[in-house]
Amino acid sequence: MRYEAPTSINAAVKLLGGKGLAKVLGGGTDLLVQMKTDRIAPDLLVDVKRIPGMRDIAAKGGGFRIGAAVSGAELGEHKALKKAWPGVVEAANLIGSHQIQGRATIVGNLCNASPAADSVPALVAAGAIAVVAGPKGKRNVAVEKVGTAPGKTSLKKGEIVEAVLLPKRPPKSGDAYLRFIPRTEMDIAVVGVGVNLTLDAKGVCTAARVSLGAVAAQVLLVPEAAKALIGTKVDAAALDKLAAVCSAACRPIDDKRGTKEFRIKVAGVLARRAAAIALKRAKGK
Amino acid sequence: MSQVRVSTTVNGDAVEYLCDADETLLDVLRDRLGLTGAKEGCGTGDCGACSVTVDGRLVCSCLVLGAEAEGRKIGTVEGIAQGDKLHPLQKKFLEHAALQCGICTPGFLVAAKALLDHNPNPTETEIRFGLAGNLCRCTGYDKIVRAVQAAAAEMRKG
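Note that the protein sequences, when read in sequence, are chains A and B.
Counted the way my numbering counts, the first sequence spans residues 1 to 285.
Counted the way my numbering counts, the second sequence spans residues 1 to 158.
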């Protein structure tokens, strides 16, 4: 195996497009474990941390551009980002220990394509965009279109996600992410729910996005759940509807962490709670 | 397999080495640089016994490649004491008997130091969450938490 640390995105794309299995090394918290346990044996690792901009959080167009190599710890320390997108930052910071936070990235979480990835439902709810660089140039992809199945992405040979864009925040907006795990820390989501909503001056929800993790083969964007909130004051009736729609959207499996029935039930409960937090944040409380 | 040439800084000292492309920073520290404080427990980032800092940031050295250390500043447990003078955390771990077999101790010290550098007055809950990435199978954690609290109190006095 070779190790390369290019200093431009074009050089990285060229390396990734070459012969053999090439993998992007960002934080390495999934990749190096997969190598260690012989699940993959790359011919080449392309360390992207030396590429300018990869480790930066930048204000862009009223929103944020988060470079692919920004760690969870760095996200958590960025006050403006945390203020604008608390749900996204909390979701990213739930992953693993402080040691893992020192390395793990949201782009890695996205591209590892686990349906239980904590930051992904929050990013999907936020309407985040992945900036993909490849042999044919750059393209923007909605984050919900990146993961296609467990461990599989829509990225083509030679392509790399160089950053995630978070959109500009309208006033009176809030987001939240909640997950269920059997422990208090250091575990994988049994269900994860991201909710993002915007209110008008009268407190009526004008826009919403709701996303579910760990209840299907990929992270789900649930438009019917958004419809349950839009046009309401996110009152008890709207939350009941939201919970029912989220439970109905689940297509989970049974595994050692939870049964299908449990996941379906909990998806509704967490959606309700996450929406309540997002509502509170949108009201500035 | 061609080796990678790396120039880095470990505990303030300039260091150069050749390592394999897939060799972890943990293996480099232990097998090439003779710094055997960091331990391999799980090798998959779960136990924290291999904790070190890279540019001041707490990481598991089993999940960092030796090649990635080029130009960075690495901190290991060997750099915590000042010569013969133990760090307050090391003293309090001894006084509180916060270890039994000792395999996890270097990782706990590095992680606890990173925690206190960031938050000099953590609550017990913050300490327990802050050290959740370090596993100990001997102590039941309580003595470790007490030692970190005592060290924090001493360090705040200056």
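Derived from the structure by calculation, the hints contain no laboratory data.
Since the structure is predicted, the reported quantities are computational estimates derived from the model, not experimental observations.
Just so you know, not all the hints are guaranteed correct.
Capping the alpha-carbon separation at 27 Å, the derived lysine-lysine pairs in BS3-like fashion look like this [said to hold, decoys possible]:
(1) A/Lys60 <-> A/Lys136
(2) A/Lys49 <-> B/Lys73
(3) A/Lys157 <-> A/Lys138
(4) A/Lys172 <-> A/Lys23
(5) A/Lys60 <-> A/Lys83
(6) A/Lys79 <-> A/Lys60
(7) B/Lys73 <-> A/Lys23
(8) A/Lys79 <-> B/Lys91
(9) A/Lys280 <-> A/Lys256
(10) A/Lys241 <-> A/Lys283
(11) A/Lys36 <-> B/Lys73
(12) A/Lys172 <-> A/Lys49
So, going through the hints one by one against the coordinates:
Proximity of A/Lys60 to A/Lys136 is assessed by CA-CA distance (about 24 Å); at most 27 Å being required, the pair is judged to hold. About 15 Å separates the Cα atoms of A/Lys49 and B/Lys73, which keeps this hinted pair within 27 Å; it holds. With a C-alpha separation of about 14 Å, the suggested pairing of A/Lys157 with A/Lys138 holds against the 27 Å cut-off. Taken as a hint, the A/Lys172 and A/Lys23 pair is broken in the structure, with Cα atoms around 41 Å apart against an allowance of 27 Å.
The suggested pairing of A/Lys60 with A/Lys83 holds, with an alpha-carbon distance near 15 Å, which does not exceed 27 Å. Restraint check: the Cα-Cα separation between A/Lys79 and A/Lys60 comes to about 16 Å, which is no more than 27 Å; the hinted pair holds. Restraint check for B/Lys73 and A/Lys23: satisfied, since their Cα atoms lie roughly 25 Å apart, inside the 27 Å limit. Distance restraint check for A/Lys79 and B/Lys91: the Cα-Cα separation of roughly 35 Å exceeds the 27 Å cut-off, and the hinted pair is therefore not satisfied.
With a CA separation close to 34 Å, the supplied pair A/Lys280 and A/Lys256 exceeds the 27 Å bound. A threshold of 27 Å between alpha carbons decides the hint, and for A/Lys241 with A/Lys283 the separation of about 21 Å falls inside it, so the pair holds. Distance check on the hinted pair: A/Lys36 and B/Lys73 sit about 25 Å apart at the alpha-carbon level, within 27 Å; holds. At roughly 36 Å between alpha-carbon atoms, A/Lys172 and A/Lys49 are farther apart than 27 Å, so this suggested pair is violated.
The earlier numbered hints that this structure contradicts are 4, 8, 9 and 12.
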